[in-house]
Amino acid sequence: MDFELNTPRTDELGDAVAALRSWQSDDAPLQLHPGDLGWYWQLGVEKTAASVRIWRRDGEIAAVGFLDGPDVLRLTTAPDLLHDEALARRIAADLDDPERGVLPAGKVNAEVPNGAALHEQLAETGWDTDEAWTPLRRDLTAPVEDSGLRIAVVGPEQAELRAALQRSAFEGSTFSVERWQAMASGPAYADARCLIGFDENGDAVATATVWSAGPGRPGLIEPMGVHADHRGRGHGKAICVAAAAVLQELGSSSVMVCTPSSLTGAVATYRSAGFAPLPERFDRHRAA
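Per UniProt numbering, the sequence shown starts with residue 1, numbered consecutively.
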């Protein structure tokens, strides 16, 4: 049976989250994580559903795509279909036909796991490589050291402080209490925690959100940031260590993060927190 493409209804989003959760493995290359959808959930369930594309075969989910913007698709497949040429051909055809409602005509990018058959299919139809990304992973089988920060897990009463930290750490961010509430209402957040780090003076200096995919599977940090007034003091490293400790408590086997390779400072921060770089991943780009 051929693969079928659809945009899920809001009540089908839980199926996509469950599939992404089950596909996470320390043996697999970095791929789309349930936390990626979970963080986007801040925009509401309707917008999240509109951003997702699902490929099914015989009713089973074979691949999940996430439009992280109108012209950027982040995509992964079921592990046993990573090298499936028929699925790769179908997805490539869908990406190159704007009438199928995945990507528009013109310049677009696709994020595809390393080693996927889709890379070859896209190359054959004229897609080149684009921005380099550095995935990093920290194993969580050994005890995690103390971060040096006092860590609070965010609940509704800390949501305003969490939102303010996000806006300070990321210029142009419009994160708000309402967005935190929307994110926290999604199914992916059942396995997530928002963290705030306080220094020795009691100042809120850093924040991170961690997403578990369940016991024995890799978790994700998305996002991590340091307050603009408290940079250059090691708080980025510290909040990453704290994030690793929380994911270990949730049963995660490892913690993953990915950052543009051009952000050498970010790569250095993660490495200082015990994260080891993995092989670079390159986006696929269609120029026209």
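What the hints contain is simulated information worked out from the structure, not anything from laboratory work.
Quantities reported herein were computed from a predicted structural model and do not represent experimental measurements.
Mixed in with the good hints, there may be bad ones.
[Unchecked claim] FRET-style restraints, in silico, Cβ to Cβ:
(1) D229 x K47: 44 to 54 Å
(2) E4 x P143: 45 to 55 Å
(3) E145 x E60: 33 to 43 Å
Note that CB positions come from ideal geometry on N, CA and C, so glycine has one too.
Right, here's what the structure says about each hint:
1. Distance hint check for D229 and K47: the Cβ-Cβ separation is about 32 Å, which falls outside the suggested range of 44 to 54 Å.
2. The hint said 45 to 55 Å for the Cβ distance between E4 and P143, and at roughly 46 Å that hint holds.
3. With their beta carbons about 42 Å apart, E145 and E60 fall inside the hinted range of 33 to 43 Å.
Hint violations for this structure: number 1 only, all remaining hints satisfied.
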